[in-house]
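Student: Here is what each chain is made of, one letter per residue.
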Amino acid sequence: MEKKELKTPLLDELEKGPWPSFVREIKKSAEKNPMARDTLGQLERSYEDRISHWKHGGLVGVMGYGGGVIGRYSDLPEEFPEVAAFHTYRVNQPSGWFYTSEALRTICDIWEKHGSGLTNMHGSTGDIILLGSKTEALEPCFADLTEAGWDLGGSGSDVRTPSCCVGPARCEWACYDTLEACYDITQSYQDELHRPMFPYKYKFKFAGCPNDCVAAIARSDMSIIGTWKDAIQIDQEKVREYASDGVDIEAEVVDLCPTGCIAWDGQKITIDNSECVKCMHCINVMPKALAPGKERGATILIGAKAPIVGGALLSSVFVPFIEMKPPFEEIKELAEAIWDVWGEYGKNRERVGEFIQRVGLGNFLEEIGLEPVPEMIAHPRTNPYIFFDEELEEDEDEE
Amino acid sequence: MSDVTVEQVADAMYELVKATHGKKNLKAMDLTKAMIEKFGDAVDKKMCKLAIRQLIDGGRCIYSYFGGSYITLPSKEGEQG
Ligand code: HEM
Ligand code: HEM
Ligand code: SF4
Ligand code: SF4
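The listed protein sequences correspond, in order, to chains A and B. Every letter in the first sequence is one number past the one before it in my numbering, and letter 52, counting from 1, is 52. Every letter in the second sequence is one number past the one before it in my numbering, and letter 55, counting from 1, is 55.
Bound conformation, chain B alone:
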């Protein structure tokens, strides 16, 4: 299996968050499970953590709170996703 980079995982996560935006909120573990399903053994939980860190620190995604903590696209303040 070819090597997968953290950037690629972050990109794939971002696409997933975009695709589900407004339909379903995803938690960090939902993204992680989806990536492990997509990339198989080429990724692990640690790598997914790094990818999420990239998304958040780079401002592509933010943490939102709707009873639990989710990873979403940055959107308007006060919006209840």
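Isolated chain A, as found in the complex:
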């Protein structure tokens, strides 16, 4: 086919400078893939017109699955016919994003055969994102992915592809095996992942420690964040080494502990562990001297959402401490109890955090069968909606 030269002066600006450029990469793909070429053309038009030319929605998917494919169309199909349909696959990533180079080659080969060849490693959901499939390519591409051992992830009102930090695979702070937990939950909830049955999305994210490298607390309906019960492990010799190497322990550690529970006498530090809120600050400053305790597990927090329209919510503590051992019964029991209540009474497009705000934490806890505990209180005196049974009884007695 005769191709006229593609001029992209606005996009070309994004190739200037020493850093990687998505424009440069798409141009490479455009040399051999007409879909990538029309992507550039349409993007340049969007920059000129200052408006997106992508349209959402419609009915696309693969047989039997309610999620994993997101419908996208061009609103300039005559001008850019190769991207008239430009659907996105979410492909379930491996726990912690560990691949062999062979696995990556396989997925790229499949994608060059069926789609635009453009990928996003990784989407904010954690999935491998394959950008730009024509409608007729959906099933054959899915068949090849399945054949090679890949599966689609979540989209729509389902369990979204669970994700986790690298955890014990690379990180000494991991308080539990995030990779194993993420894999177990993914496998256990295949139905909920592929067959949307909720009012809206439900995200699990697994962080090995409160540093929360997967941003679970900001984004997931159910955040499982590693923590410990006993004392922070201290190597005093190493603390002194940090001090003699120029770390100002008083200013950089003691004064910045949010609960003021560390003391330093110039020779050794002492920590009042009953006051420690596991913020990780002291450990992050002196990783060779300090480490999380030995009695490790996780905290389950519920109800975050990153906003598109309304306000952001962070997830809040529901279960202060659980041991993290397969088959992770406590997580599953809690998740299923939540799905039962929210599934039945949640409004369309209402995340579980918003649902809890609407019905009240007290009512919600009663429905899912959890006892209120002090750890659920985020700040003193900002908690007008938990009522302990004793208080209620006292009130009743007075009448």
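No lab work stands behind these hints: they were computed from the structure. Hints may be right or wrong, so weigh each one.
[To be verified] Facing chain B, according to a computed beta carbon distance under 7 Å, are these residues of chain A, among others:
| # | residue |
| --- | --- |
| 1 | GLY64 |
| 2 | GLY66 |
| 3 | GLY156 |
| 4 | SER157 |
| 5 | MET197 |
| 6 | GLY343 |
| 7 | ASN348 |
| 8 | ARG349 |
| 9 | GLY353 |
Here a beta-carbon is modelled for each residue, glycine too, at the ideal position from N, C-alpha and C.
Go by the hints and put chain B with the ligands onto chain A.
Tutor: This is chain B with the ligands only, laid out in the frame that chain A set:
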């Protein structure tokens, strides 16, 4: 009360999806609630899940996305129900 089979629930769901087609989109939970209303204690959420699975896997219905996920009749690509 007489026993209700998953097939019967699936059929009743299918009729409901057909009857509301083009007027109202139904989610999995809407179908489930409607069936529990219709059949009473003879059905539960689990059974409804199985019935939906039958509808989808058999191709009588598909999942559609209009801001949320709905169960609809198979229709033309790109149609905004
Ligand atoms: C020197 C004089 C005063 C001092 C030192 C004082 C101090 C305080 C403090 C510490 C609080 C709690 C704030 C918080 O915990 O967030 C408070 C709240 C409050 N004060 Fe005062 N106060 C003074 C005068 C007054 C006066 C004259 C009034 C009313 C005529 C008043 C009415 C209130 C009310 C209604 C609150 C509650 C606000 C809320 O709950 O949001 N205060 N005050
Ligand atoms: C009809 C009259 C009043 C009403 C309806 C009223 C209402 C309230 C309410 C709703 C609160 C917040 C309670 C909470 O957050 O748990 C409050 C707190 C407070 N009120 Fe009043 N109030 C009235 C009169 C007064 C007067 C006359 C004073 C002082 C001269 C006063 C001083 C305070 C203070 C200091 C607090 C804060 C208590 C705390 O932080 O623990 N109030 N009031
Ligand atoms: S969240 Fe904690 S355990 Fe996981 S990678 Fe980050 S620092 Fe390590
Ligand atoms: S983890 Fe945070 S709260 Fe705990 S002792 Fe260290 S700095 Fe203080």
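Student: Each hint needs a verdict: does it hold in this structure or not?
Tutor: For each hint, the structure was consulted:
Taking 7 Å as the C-beta cut-off, the interface hint given for GLY64(A) holds, the closest approach to chain B being about 5 Å. With its C-beta approaching chain B no nearer than about 3 Å, GLY66(A) sits inside the 7 Å limit, and its interface hint holds. Because the smallest distance between the Cβ of GLY156(A) and any Cβ of chain B comes to about 4 Å, under 7 Å, the interface hint for this residue holds. The restraint placing SER157(A) at the interface with chain B holds, with a minimum CB-CB distance near 4 Å, inside the 7 Å limit.
The criterion of a C-beta within 7 Å of any C-beta in chain B is met by MET197(A), whose closest approach is roughly 4 Å, and the hint holds. At a threshold of 7 Å, the smallest CB-CB gap from GLY343(A) to chain B is about 6 Å, leaving the interface hint in force. The interface hint given for ASN348(A) is met, as the beta carbon of that residue sits about 5 Å from the closest beta carbon of chain B, less than 7 Å. At about 5 Å, the closest approach between the beta carbon of ARG349(A) and any beta carbon in chain B falls short of 7 Å, and the interface hint on this residue holds.
Hint status for GLY353(A) relative to chain B: violated, with the closest Cβ pair at about 17 Å, above 7 Å.
Going through the hint list in order, the structure does not satisfy hint 9, though it satisfies all others.
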